[in-house]
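Could you build the full structure based on these sequences and the hints that come with them?
Number of protein chains: 2
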Amino acid sequence: MDESTLIERLVAIGWKGSRAVLVGPGDDAAVLRGGLVISTDMMVEGVHFDFDWIAPAEVGFRAGAAALSDMAAMGARPGALLVSMAVSGDPAMCEELQRGLRRAGDRVAAPIVGGDVSRSPGPAVVDVVAVGRARAPVLRSGAEPGEDVWVSGELGGAGAAVAAWSAGGRPAPAARDRFAAPPDRVPLGVALAGRNLARAMIDVSDGLVTDARRIARASGVELRLRQALLPLDPGAGGDLKVALEGGEDYELMFTAPPGTRTRILELGQEMTVRVTRIGSVESGAGVVLEDREGRRIDPGHGGYDHFAAPGGGQAP
Amino acid sequence: MDESTLIERLVAIGWKGSRAVLVGPGDDAAVLRGGLVISTDMMVEGVHFDFDWIAPAEVGFRAGAAALSDMAAMGARPGALLVSMAVSGDPAMCEELQRGLRRAGDRVAAPIVGGDVSRSPGPAVVDVVAVGRARAPVLRSGAEPGEDVWVSGELGGAGAAVAAWSAGGRPAPAARDRFAAPPDRVPLGVALAGRNLARAMIDVSDGLVTDARRIARASGVELRLRQALLPLDPGAGGDLKVALEGGEDYELMFTAPPGTRTRILELGQEMTVRVTRIGSVESGAGVVLEDREGRRIDPGHGGYDHFAAPGGGQAP
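Protein chains in written order, with numbering that gives the first Met the number 0: chain A, 0 to 315; chain B, 0 to 315.
Don't take each hint at face value.
[What the hints assert, rightly or not] To be clear about the criterion: a stretch of chain A counts as covered by chain B if any three or more of its residues have a C-beta under 8 angstroms from a C-beta of chain B, and this derived list gives those stretches:
no., segment
1, 106-113
2, 225-232
[What the hints assert, rightly or not] If the Cβ cut is set under 10 angstroms, some of the chain A residues that face chain B in the computed set are:
no., residue
3, L5
4, V10
5, W14
6, V20
7, V22
8, D40
9, V46
10, S165
11, R212
12, G219
13, E221
14, M270
Quick caveat, the hints were computed from the structure, so don't treat them as lab data. We put the CB at the ideal spot given by N, CA and C, even for glycine.
Printed below as a string of structure tokens:
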């Protein structure tokens, strides 16, 4: 069973609709009546990170940034974080994790209001809950043919770091930084939602192609991405594959009507965030990648699957 | 470092106050402005449960019931659950966990609106987030001298099951059931809050004495408990120690003015939940236990400490 099949099954078991819930499972976060947005994001030592790669405070920061990235992708303003931690050995590690998480929360003024802590006989586990509010949350399902596809920031840096560590090497400092300290895209996401610019939005956590497929599927459209337009992170060393499949970028991918191009570019300048038009929304299904000559190329499997390769090695 | 010291340190690192937060860390759940109540509860294989003890669906049910118990203790009406799971091996285990969680959510009409799933190279971890609403949440800090101390249900059954398993034996069926299927005290907690009967409330998750100490500390009072009044679970086999220290009961302990005794007993009858007056709130600090002759006896250390005994064996 692959991961997306498993998630579909879990949703089918757990979800039956509720008048108190505006958006159920299947988007970056759930939305309750009243505009409350909530999501949870778990990081497991040996799966999502390794303490040989980054320090405990960096793990905490990363876990917080990842959870807050889901708020950004909904266009939600975060209000609070909660964290559950299981650690083996020294409880002082919890304090370091918490310090890092606090720093991530401080970027968006979200305090840590609760949590749980446990000893673990195995790997460290950090599960972060983010809670926020959105008047008009942006879903994955809003893309329409004719719109542009945009991405914030640059792709592949974090994935390149993971690839280097997994191969037993050391990543370039720029790639390591990209992994250890994901960007804060909350201001951009909130502005894109508040100014009604983004029609569909997702955070690029599992790889550009995988996350593009999610928008395509939820919206019933095709996303056509152009290789020549992809903003590669300098840390990715020009590796297209890692930019397409690496994941861990925590950038925002969104769709918007062509008439909003100038406003989106101006918003990027205002926020000093690079925003790049990387393709278009078409009638159809799935993700198509075009090379520099307009030929279709295989977009790759796209992203890490927790359950396709049981017993596999370290991976994002 | 013991667990409560660690939690105090984590709170000091993570919490700095926020206008958007009415109740921060340190109670059964946090309360955000607007009356949203939220908490998270993590269960780790080999620490909180073992698959030799109960089946995956029972673990899911238990994890959900434990998270919802925090809602009950605040007098909050649950609205939704989220769950993060990390499992080794068969992803079908996730489906069983989810089925159990769904059953716990169904008891209070709280659907599972989101979550996360990951492979784990170590023990299974289930972290459940409960979200609810309370107009007037009941805190641990509201107890006043002169009030009665009450507890719902019966104590020690789940703790007796854990003690039996940990000793390599098999618990009595009644004790096993008590561990596998914690009671739903949400209706009682909501009614105690809504009718303004409970002035301080907590769920008995870490042991009666430990949780009584938390009310005493938060309220700046002494809780005087009378051994002769404690409602022992038949599954506890008359073991006072397991009733006082065993934890895992997920019953409600609350304080209320003596003038409300009749109304509380009638409420218990209405809800077919046993409610028992077990002591009184006094000026002072800490927890005092009186035996049948009114002599003070040692209430014990009270509850499991995740970090006092690193490397220790299975424990609740």
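- [ ] Just pull the numbers of the violated hints for me, sorted ascending.
- [x] Numbers 2, 10, 11, 12, 13 and 14, in rising order.
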